[in-house]
Structure formats: C-alpha cells, structure tokens
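Listed here are the chains, written in short residue letters.
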Amino acid sequence: MNARRISIWVALVLALLGASSALWRAHVRHQIRVTHGDSLWRVRYTVDFYAEKRGARLHLASPLDTAQSRVFRQELYHRGLTPARHMAGTHNTRELDLAADREGALRVTAQFDIHVSPESNWRAWGALDAPAPLTNATPSAAVASALAELRSRAATTNTLVTTLFNFCADEIAEGGAEDPGDADAVLTRKSAPPGGKARAFAALCHAAKIPARLVTGFELDSDDEAHPTVWTEIFLEKKWQPFDPERGLLGALPPNFVPVRREATELAWGTSIRDVKTAFSISELPPPPGVLATGRRTVWEILDLTRLPLETHQVMALILLIPLGALVTALFRTVVGLGTFGTFTPTLLALSFVYADWRTGLFVFAVVMVLGLISRNLIERLKLLVVPRLSVILTLVVLCLAFCISLLDYAHLTPTPQAVLLPMVILTMTIERLFINMEEDGARTALQRFLLTLLVAACCYLVLRWNTVGHFLLAYPEIHLVTIAVLILTGRYTGYRLTELWRFRDLARQP
Amino acid sequence: MKRTWSWPGELRRAGVLGINRRNIELVLPHNPRVNFPNVDDKLNTKRLCEQHGIHVPRTLAVIERQGDIQRFAALVTAHAEFVIKPASGCEGRGIIVIAGKRGAHWLTSSDEALSLDDLRYHLSAILSGLYSLGGQDDRAIVEQRILRHPIFSDLAIGGTPDIRIILYRGVPVMAMVRLPTRQSRGRANLHQGAVATAIHLVTGETFGGVHLGRAIATHPDTGAQLAGRRIPSWDIIIASATQLAGVLGLGYVGVDFVLDASGLPVVLEANARPGLAIQVAHGFGLTQRIELIEQHLDDGDDLPRATLLAQLAALA
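Residue numbers (this note's numbering), protein chains in the order written: chain A, 1 to 511; chain B, 1001 to 1316.
Worth double-checking, as some hints may not be accurate.
The calculated lysine to aspartate or glutamate pairs, modelled on EDC-like cross-linking and capped at a C-alpha distance of 20 Å, are [to be verified]:
(1) Lys383(A) with Glu1112(B)
(2) Lys383(A) with Asp1118(B)
(3) Lys383(A) with Glu1064(B)
(4) Lys209(A) with Glu237(A)
(5) Lys383(A) with Asp1068(B)
(6) Lys383(A) with Asp1137(B)
(7) Lys383(A) with Asp1117(B)
What the hints contain is simulated information worked out from the structure, not anything from laboratory work.
So here's chain B without its partners, still in its complex pose:
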C-alpha cells in the first residue's frame, strides 16, 4: 500500500535530509557567500571549467546589452542548433533549445516555431533579469547545443538528460540522472515532471527512480526500465566533479553534466543549493553518507578516495 504520510522518526531512520537541515548544516557553514558567484553566474562556472580543462558547451555568443540583441540574427547565422540561457537563471527557467530552422522560424527541441522577434523578446527578458535569481540585470548565453548520447534514446523525451553529482567537502555523495518527459516539456527539472534515477557511485549503474516525488521503476512515457543502465565515462564524470568542487570553493555543491553524442561528459552548471529529490531517487537519505564523509575527513585518515566511494556506495 502506498503511504500518504510519514513520521519524522521514520524519515530520520532512512537518513532523509530536510531542507532546513540542508540549509543550516550544509549550505550556510560550507558554502562561503563569496564563492556563490562561481555558480550563480554560469559564465563564471564556464570560465573556471575552461581554466581547469573541464569540458563545457562551446559559447557561441554572450549578449550583455539590449543593443546587442539587434545583432543576434547575425551572431547565430552559422549555427542551426544552439541553446539560449540566462547566465544567472535558476531551476532551468528561461532556457530555450533551438534544434533547427524552418524558413524564417527557429524550431525548439519540442518542435515549437519561434520567430526572430520571439527570440529577441526572450533575450531582452533575460537581460532585464526576468529569470535571474534576485531579479537583477542579467546576460544571455548562446551556446552549442549538446546532442544526447544514444544510451538515453528510450529514456528521454524531447530533451537532453543531465547527470547530477552532489559533493560534500569534495567527495561525491550521491549521483542521479534526470530524464526529461513529455510532462516536463523536454526539461530535466524534477518539479516540472522530469524523471530521475539514482546512479551507483562506483559502477555508474542506474537504480531506483522517482517521478513527481514518487518512487517508480519505468519511464512514464516510454515504459523503459530505469535501472541497470551503465553511464558511459563514469570515471571521468566523478573525477571532473571532484576537481570542479574544489575549484568552486563550495563544500556542498551539485554539479550537472550532460553526455554528448560521443560520450564526452560536459559540465552544464553547478548549484550551491542542490535539491533533495535525489534522495527519493535513491530510496534513502543523504545523512548517513554525509556523516561517513565527516567521520573520515575529521579523523584525517588518508583513506584512498576509491575506498571511501565504495564505502559510501555500500550505504543504503
């Protein structure tokens, strides 16, 4: 029988981390405010990644002023596919994925036709801060569109799945892959209806699943099994995420990757307050893993990273 309610004791037993505890015990003490711009502005994240040899989507243009919008058409003539996103957006708001052109119109990945005027309007909305965190002026990034890896062809509808790694004090704690659905309209945001499935930290194999906050086993649109997929280039993803967490200077951070068609992991963005739905995808909470890391790091034992990851992955 499906539960409609749970008691705090039951959640504690499952090691579930609540938002209040996340904010007070992880975000506030471990993420110095001065390092927030590293993730809040995606251009900063991109620059840091590029400096450290971590792959990111190629930037085609950055639009900073309303005046630049007039030149937008000229900037993208060479590209049939691209992504427009606000530099300081959150929750995937304001992102448009252009998948091709039909006559004078651009087509989004969900097959919506947009005119040049529509795009200009959208760009100006981005610049005036409509999608930015505090509503302050923003910049628009036009970047290369990443085509999805074939492993996800029966798991993602209308968009590119992304892989999120949550790291605590530089150690990967949990990972999941977020799969767009028809309901999420091609976006990989869980609260908009995307599906997530957990990833084993060592093997890179998927297990568990969540859709709209409930545990599921198959993709709601395609019916494909969520568990048992091995994510390609998993070691590279773990290594890049660990490296990036150090560069960003954030003790509790979520790093989002996409796999391009050739299997190369590319960093999309990082998040200083990663959401907690990842726990539902796993079927258990973050707390035990966080505590294990704390124990090892505070004891100062030089446990090899691979052993620590194996110990973490063994916790369920």
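Chain A extracted, bound-state conformation:
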C-alpha cells in the first residue's frame, strides 16, 4: 500500500473513531438522568449599581463547590461591562470580575446552576485551607465575660466548642431582622437577628483561640426573594467544619447548603461603584439530560472535561482550540499558499489576543513591533553576535510590553491591562525575521509577508474566540481525532495552491 492510501485510511479511521465516540457519548449522556436523590438548582443574582467612571470594577462571588454540591454551569449577562478573562479570587472566594465600559447605571445578572447530590464526594472548595494565624487582639468586654462564664462550664477544648455552640444555639433568642447583628450586641441582649448567632459564635471561638470564620451562602430552596444566610466554620481536626447555631447544625450541613463567600458577607462589591442593590432568586431545575450521574462512575468520564472544576474550563477550552488554529494555518499554507513568518506564530499571536482585549493587544503589538524594528536597526550598527543580539531584542520586547501595560493602566485606557501577555519569544523572532527579510528582499516583500502573517493570525483569532466550539470540545475532546484526520488529508493535498492559480496564470491553456 502506498503512502497516499495509508494516509486516507488512517484519516478515515481517525475521523470515524472521533465522530462515533462523540456521538455515542452524546447519546449516553442523553440517557443518564440525574441519580435518584440528586437535584439541580439555579441561583440567580441580579445586581444593580451605578458605575462612577469607566473602568469601575464589580466583583461577584460565585457559589463554591462542596463535597455534595457542584456548580456545573454559569452564565453572565453583562451589557456595558467587560468580564476579565480569568476567574480571579483568593482561596476564599471564586470571583467574577467585571469592568464597566462606561459611567452610569448598570445591571449584571449572573446565573449559577448547581448539582446537589447527597451521595457524591466532589472536591470541596477551601475545606483544607490552613487557618490564618490567631491574633492577640483582646476580645471586647461582652465577648470576654460571656466566654469566661462558658469556659467554667466546659472541661476541655473540644467540649468548649460544643458548650459555646449550645449557648449560641439555645440561650440566645431569635430576634427581629432589624436588631443589631454584631457579636457584642447579640451577647449583651441575648437576642440575635438572622446571622447574629453565627457572628457571636465566631467571636466567642476567636476569643477562645479556636480558628473560626464566617461563611455566607445559600440554603437551596425555591424562593424568588432569597436571602443569603450566614454560618460559621471552625477549624477542627485539620479541616474546616461547618456549624450553624441558628439551625442547630453541628459539624455537617445538609447538601443543599452552598457556601459563596468566606470571611466577608457581601456577595457583590467593587471599586468606584455605588448604590449596589442585589437580589437573589433560587429555583429548582427539572433534571435535564447532560448531567452525568454521580453514583455510577465510568471510565468514559475521563473523556468529559466538563467534569473538571469550573475555573479550568476557560483555559481548557482555549487550549483545545489551539489545534484548530494550527489547522487554519496549515490550510492557509498548503491550500491557499500564503507564506507566514514562522509556522505557529499566527496561532500564538491569536492566542495572546484572546486573553487580552484585542484593541489593547493590537496597540501593544504595534508599539512593540515598531520600537523593536527601530532598535533592531540601531543594534545592527553595533555588529553583535547573533545570540546576544537576539537576547537584547528579547529584553527590549519584555521592557516594551511591561511599560505598555503600565502606560495603559496609568491612562485608564484598558479594562484588563494585566492580561496583555504577548508571546515574547515569538515577537523577538518575528522582529528579527522581518528585519532580515527587509534587508534581503526589500521592505515591500517583507511587509507583505508580515501582513499575511497578521491576516492568518486574525483568522486564527476568530477561531480561538469561538467559545461555543471551545466548550463543545471540552465535552467531546475526541473530536480532535477528526482534526488530525483533516490535517492528514491536508498533508496529502497535491492540488494547486490558490496562489499558484495566480502565479502560473501565464501558462493557462484553454481546451
């Protein structure tokens, strides 16, 4: 069998394998319903606020995963705001970060779909964090006196926690929502508004040198006007354990308690914004197809990358799009016949533009290229050896990038200055190639080639920005077997390149 036949067969087998695996899994996904006892919930935030200037930031805390609940989908409606590409946040929060495009009243709606399963054991978010070092701050008089009294009732530290909890749960009365909710007031008045007991409990634990933190979250229960609820987490036996004195829950919470933010209570906050109004609604979703059962684990799950924590989705989807960028480049080179500087330069450039805002990216790119070429021209006079010379250019590119980002930030010209990370080595080599090409073949040819590189990069950019496809690939990464098949066929393409139809036009022979 010759190479051509083998290639076609290999491509056929790969394409078939990829497509059938994806179809089969799509079918199976369709059949498996959520296991009995599981439930799906939708938590919806509606945040209205006033942005005092362009670039004002809004942060939203998104629900966190616990061993029994997991966010499997999130959607964000944000007219007039630009989301930062990455989920930011410390280990305490999972944050969405949005920048206002203009001054004025804005609204953001965020929707989180959560899968709750009493049987499951997902990776819980932040359960094993090391506690912050205890401070030596003296507790307030109210807290100290309450603690002194309670300490006499308890024999050991372990029982002290229980004693403190029982005190908060049983001996503090439930007050009205308007009552003062801080620990001092609650302990003095022996009456607490919602959340007050948790605060009092946390303050008592702190005073007793037991690591404690407040958690704001939701109890999932259908409600159009839901309110966040507050409970306490105590660091016991090397992990954080939930305690809810209000409901008398100790050491474990029902699966439908979903934490959102730790240490702080606002779920929407920001800078240069005011009049923040938040409303929450919670509704139970009918069990749809597409959520894998948790009870039965199958090896096939490995193929489904949507299983991975939400934070990795964005990056994973982008990584999975890279082969499509390579495919675009391959098609441009072998079918269209456009030459570019470097094989993967367009893909990598496009990748960096996806991370940055493209206007910012283009500005920085232009500045780096122009300054790079000017300095390359000056460096030519120094007659340096190649490796040190390239390194000088790389250094200049790095400096140029750093200062561009700083400049943009200084001028408040970009919502996401931190994300303009162009591929520096690629830029360096492009500058060097462009310069040599200009010297050898003239500025016109070099510029032409450079513009073609940008054109291909632009096409790659359009592909890489294709979020829907990225997320589809996340669910069915085996589709890339089809990509390989197409690449193999491209690699065996013996037809004319489009540019050859122009290049050899004088040879055309009519029948």
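Given the coordinates of chain A, assemble chain B onto it according to the supplied hints.
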C-alpha cells in the same frame, strides 16, 4: 489581454506542477532524507564534485569558528576577488561577492564598499546560523569568484548568471538560465527580481523568459532579446549534471552551474527542492516531461539518453 487568474483545469492542461504535488510526489519519495546533507551543505557538494572530476569554484578558505574570523584578513590578502557564502544557506541569502579593493575597503560586485569590520560581522552572522536552513551553526566558505562569460554581457546586470538543470531520476527535465537584474541587486534569484529564460535540452539554445512571475521576451534593464542564445559547453553541462545527480543520490534535484570567462561550466550548488518558476520561463509545465521519463524508466527500455532528451525537448 493579460490574465490575472487561471483555473486548475487550465493549469493541468499546461502540465503545470504545483508545490504540493512537487513535495508529495517528487521530493518526498525520490529524495531520501539521508542524502539531503549532500546538497544542504555546500562543502559536501563541493567535495563530491571534486571526487568525481566535476568543476567547482576553488575554495580559498573555510571559516568554521568565531576565532578564525580574526585571521580572515590574512586569509584573503592574496586575493582581490572572492565570494563569501554560508555553507548551508538557502535562496542565495548571505552571499557577498567581492570584486575588488579600494584602500582599506572591499568593493562588492554591486559597488558597495565594505570595511574589514563589516566582513567580520557578516562572517560571524554566517557562523551563528543566521542564514542557515534550520538556524543551526554554520560554516562560511570563501571561494574563488567566477567571472561571467561574455555571452551574457548584455543579459546580466551586476552579477553572474547561473544555469539551472532540473533532473528527475537522473534525466535532465528542464533547464534555464537565471540572469541578475538591477532589481535583484546582482543576485540570480527569481523571487528577488532576476530574469530567467528557458534552455532547449538538446541544442542549448534559450527561449521564453520570465520576470517576477510574468512571461517576458526582453531583458528589463538592457532590452536585449532573451531568446536565441546558444549556451556554450552545453553537452558538458548536461553530462556533468547527469553525473552529479547520481552522485548526490537525489531523484529530483536542481543543479546550478556558472560559466566562467573561458566557457568552463562550474557547479555552484545543488538543490533538493528546486523551485517551479522554471515552468513559467518555458511557458509550460513539468508534468508531461516527468511522466515521459517515468514511462521510459518504468518500462525499462534502453532508449539512448540522447533520444530521450530529444523526445523531452519536443514536448511543449
């Protein structure tokens, strides 16, 4: 009316070979990778030529290490004219032709004055792989400059024309002569603006012509007719090219010759992926000729080489 576009069917009819087909059907199957160094490193090509009695420009010096660059001036004191080229260069990149000396400066064939520092810098750029194929470390060859044959005096501006023979499975398929122009700055590379004209395989007479991808009849700088020149020593060129293709072990290869002032053909280099512009110079494609050779060689008929060449040359 000049066309701006052609359809694939029209090109197929003219037997035009595209780059993809060249790579997949000629280069990949007929040029074993192990033999690539024979042409990618010009020092290897030179050595093989010398071993088989094929003429090449005399090597004056080979500079292999940055340290040797210091001794460069001493190496070339005896020579007023020489050529510096990277051993693994491509597309004529990194080649400097020194045509004389004025004071402390060397003059290139296009009358540019270069200082010793300039040359040293250029040599060091060559050694560090700036012009080499994969960017790996390279060597610089300093060799005898070949003066051009008078037949080309009104056809070449500022440089030496070269004659390229493309061979398929050891049989010459097409030949052309590439003529430097003002635009190509003395270099014989078509994409840099040099002119090419086709050569009849049997008679060695030129016909057709191409400049920047378009068919032409006269030299753009001098206005001289391109067609109708008989290349001297044509039989020797064909014989040397055929011999060299066998030595190199490449089934699809381009061999570049220059004619020195006395008419002696000298091999400059060989190329495992010769370009396709030669087809435009001819006014028709390579495919029919390739197929004819395939037919004869696969049938195993012992057709005399001269008859085969005549049959090839008759295809148009």
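Now for the hints, and whether the structure bears them out:
| no. | hint | verdict |
| --- | --- | --- |
| 1 | Lys383(A) with Glu1112(B) | 18 Å, holds |
| 2 | Lys383(A) with Asp1118(B) | 8 Å, holds |
| 3 | Lys383(A) with Glu1064(B) | 19 Å, holds |
| 4 | Lys209(A) with Glu237(A) | 15 Å, holds |
| 5 | Lys383(A) with Asp1068(B) | 17 Å, holds |
| 6 | Lys383(A) with Asp1137(B) | 18 Å, holds |
| 7 | Lys383(A) with Asp1117(B) | 8 Å, holds |
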